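As you go down the protein sequences, you meet chains D and P in turn. Our numbering applies: residue 2 is where the first sequence begins, and numbers increase by one. Our numbering applies: residue 16 is where the second sequence begins, and numbers increase by one.
By construction, these hints were calculated from the structure, which means they are not laboratory data. Quick caveat, the model's predicted, so the values are computed rather than measured. Warning: the hint list may mix true and false statements.
[Unchecked claim] Using 30 angstroms as the maximum straight-line C-alpha spacing, the simulated DSSO-like pairs for lysine-lysine come out as follows:
| # | chain 1 | residue 1 | chain 2 | residue 2 |
| --- | --- | --- | --- | --- |
| 1 | P | Lys201 | D | Lys53 |
| 2 | D | Lys117 | D | Lys216 |
| 3 | D | Lys54 | P | Lys158 |
| 4 | D | Lys127 | P | Lys71 |
| 5 | D | Lys53 | P | Lys204 |
| 6 | P | Lys204 | D | Lys118 |
| 7 | P | Lys201 | D | Lys54 |
| 8 | D | Lys54 | P | Lys160 |
| 9 | P | Lys141 | P | Lys235 |
| 10 | P | Lys160 | D | Lys63 |
Below, each chain spelled out in residue letters.
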Amino acid sequence: MADEVILLDYWASPFGMRVRIALAEKGIKHEYKEEDLRNKSPLLLQMNPVHKKIPVLIHNGKSICESLIAVQYIDEVWNEKSPLLPSDPYQRSQARFWADYVDKKIYEVGKNLWTKKGEEQEAAKKEFVEAHKLLEQELGDKTYFGGDKIGFVDVALIPFYTWFKGYETFGNINVEKECPKFIAWAKRCMQVESISKSVPDQDKVYGFMVEIRKKFGLE
Amino acid sequence: MATANQEEVRLLGKWASPFSNRIDLALKLKGVPYKYFEENLANKSDDLLKYNPVYKKVPILVHNGNPIAESLIILEYIDETWKNNPLLSEDPYERALARFWSKTLDDKILSAIWNACWSDEKGREKAVEEALEALKILEDEIKDKKFFGGETLGLVDIAANFIGYWVYILQEIAGLELLTLEKFPKVYKWSQEFINHPVIKEGLPPRDELFAFFKASASK
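Chain D on its own, in the form it takes in the complex:
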C-alpha cells in the first residue's frame, strides 16, 4: 500500500518551508494543502488540536506537529537517502542545539526587526546582526552547516532568508554588509534544488510583508 503524505501549510511560513524542503530532499510524494490562517480547516483543527498551527505533516492518517519534529520524523522514516541528521550522537546533539537556536532566536529577532520602530528597532537590528554573526561562527569554513551537503540546521535556517528583502527594507539594514558569510551560505543553499523549489522568492514574501504592515498599521 502506498504511503499517504499530506502537508498542511501556509506558503509564506518559514516553518512550513522546512518540512517542504525535507520532503523534497527525500523525494517524498505528497499532497500540499494551503491553509487560510484566518479560517482554519476542520482537518487542521483535528490534526493539531493543541496548537492549531501549521505546518502539520499527516502520514497515513497520523499527524506530526512542530516543524523540527516533523523534519526529524521524515529523516527517520525515509532513511535510505539524504540523511539530514548526522549519525554520531554528539554531532546530532549539536545539530539539534543550533536548529533550536534558530527557533528561539532567529524568528524573534527577524520579527522584531520589521515590526518595531525607533529605539526598539535599533535594538532589534543589533540583536539580528549578533545572532547571524554567531551562526557565521558556527558555520566556519563549511559549505553548509551539514558539511558537504545540507543538513538539519540548513533546513531549519534557510527559510528565513526568504524574508530578508522585507527585513532589509523595513529594518533599514544591509545584511550582506554586516554578515557576508551568512549571505554567501544562503546563496549556496538557494542553488540546492530541494530548497529552491520549496520556498517562495523574496519578492513575493516582501509583498506579503507590505500587506501585513498595512493591515496592522505598522508603517
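Assemble chain P onto chain D, guided by the hints.
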C-alpha cells in the same frame, strides 16, 4: 572501577531547577556514574561560560570534554549514548509524539503554571485560567496510561518532572489550587506514580529544602 578509557560525565546544574533535575533523573535511570557541580548563577563558573557561551545557563552535560546544553537535547543525547532503559521508543511516530509533548511542556504548559504561581493580583485570574487550560491538555493526553511513555517511564515523564513535583510546592506557596485530585485526577494519579518510582524518588531534590528555597524567593 577506573579503566584506561574511563568515561568522564559531568553535570553542571542547579539543585532547585527542574531542568537540571531532568538530567539527574535520566543519568540515574540509566545507571551512568557522573560528577555533579552546583553552579552559583550569581557567579557563573569559567566552565559554565566556556561550555555554554550561547545561553550561559544550566544544565550542561559534559561527556569526555564535549559539552551539550538545553535539557531536552541533553536527554536525547543521553538516550542515544547509553542504550539501556530507553527513554524513547524505536518507532518514529512514537518518538515524534514524545518530542511533541516534551516541547509542548516546555513551550506552553510549564510557563503557564509558573506564571500563575508567581502572578500578582492584577494578572492572577487570567494566569490561573491559562494554567488550568494547560493542565487540561495534559489530562486529555495522559488518559489511562500509567506513564506518558506507557507502561514504563520515558522522555515525556522526565520532562514533566515540574508537573509531578514542583507544581505542588509552588502552588502551596502561592496559595493556589491548580493540580488537585478533584480537578485533574489523571494527572494527579500520574504524579503519584512518578514520584514513587524507585529511581525518581531518590533523584528528586528534598521537598522541605525546595519549599524553603521557593518560599524565600517569594518573599523577595
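Hint check:
At most 30 angstroms may separate the alpha-carbon atoms for a hinted pair to count; lysine 201/P and lysine 53/D meet this at roughly 24 angstroms. Between the alpha carbons of lysine 117/D and lysine 216/D the distance comes to roughly 15 angstroms, so the proposed pair stays at or under 30 angstroms and holds. Proximity of lysine 54/D to lysine 158/P is assessed by CA-CA distance (about 23 angstroms); at most 30 angstroms being required, the pair is judged to hold. At most 30 angstroms may separate the alpha-carbon atoms for a hinted pair to count; lysine 127/D and lysine 71/P meet this at roughly 19 angstroms.
Among the hinted pairs, lysine 53/D with lysine 204/P is consistent with the structure: their alpha-carbon atoms are about 28 angstroms apart, no more than 30 angstroms. Distance hint between lysine 204/P and lysine 118/D is unfulfilled; the C-alpha atoms sit about 50 angstroms from each other, more than 30 angstroms. For the suggested pair lysine 201/P and lysine 54/D, the alpha carbons sit about 27 angstroms apart, so the restraint of at most 30 angstroms is met. Under the criterion of a C-alpha separation no larger than 30 angstroms, the hint pairing lysine 54/D with lysine 160/P is consistent with the structure, at around 27 angstroms.
Proximity of lysine 141/P to lysine 235/P is assessed by CA-CA distance (about 23 angstroms); at most 30 angstroms being required, the pair is judged to hold. At most 30 angstroms may separate the alpha-carbon atoms for a hinted pair to count; lysine 160/P and lysine 63/D meet this at roughly 20 angstroms.
In summary, the structure is inconsistent with hint 6 from the numbered list given earlier, while agreeing with all the others.
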